[in-house]
Amino acid sequence: MAIKFCVKLKKSAAETIPVLKKAFGVDCLSERQIFRWHKAFGEGRGKFQTKKAPGTAISSSEDNVKRVRDLLKTDRRLSVRLISETLDITKTIVHEIVSESLGMKKVCAKLVPKVLTGDQKARRVETCQELLDTCEDNPKAFLDDVITGDESWVFRFGRRRGKVGEGRKPTPPLQEGQDVQVKDQDNADCLF
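Positions in the sequence shown are counted from 1; adding 1406 to them yields the working numbering.
Worth flagging that the hints you see were computed from the coordinates, not collected in a lab.
Treat the hints loosely; a few may be bogus.
To be verified - Below, a list of computed lysine-lysine pairs in the DSS-like style, where the Cα atoms sit at most 25 Å apart:
no., residue 1, residue 2
1, K1479, K1497
2, K1428, K1414
3, K1410, K1428
4, K1427, K1417
5, K1445, K1427
6, K1428, K1445
7, K1417, K1445
8, K1416, K1428
9, K1472, K1428
10, K1527, K1546
11, K1414, K1427
12, K1445, K1410
13, K1527, K1479
14, K1427, K1416
15, K1428, K1417
16, K1410, K1427
17, K1472, K1445
Generate coordinates for the entire structure from the input sequences, incorporating the hints supplied.
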């Protein structure tokens, strides 16, 4: 408003700067901004409106929370970026809504179960049944053999008796009846 007043008094942008600095002190606009506004008002643009750019920050209002919740109900595999583009809300606001307002820890396609084929479902049931049978046979030692590394691999350690000359020779050479540490690695994607 003060810049518009100076333009009406026919003051130049260079003359307007010291007036504004004296009036507003540290809260004054930068010189570049003053020149920009002065030019706009000088060209006759009485109301200088800023257009909403795509992805401009919108507060996480209840309306936005509801929009994000409804979109996630249709497909939980959506990423924050895709939600942001679909609803025209910034990624930071979408992330804030998803994590704080909706209480979700991660929205990532990798963490959501994929649509499984009939064969994959049958393999999952078969594998789980094998795990249950193993657990029923020796419930106390079952969990001692399972160590998880990350979300995609399960490591199973067990002991077996090795004999010299059986299969591939381990290094260093084993003596007859010596225990050998065995590590099997299975991909857990087929399990869960």
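Problem - Structure-inconsistent hints, enumerated in ascending order - result: Hints 9, 10, 17 not satisfied by this model.
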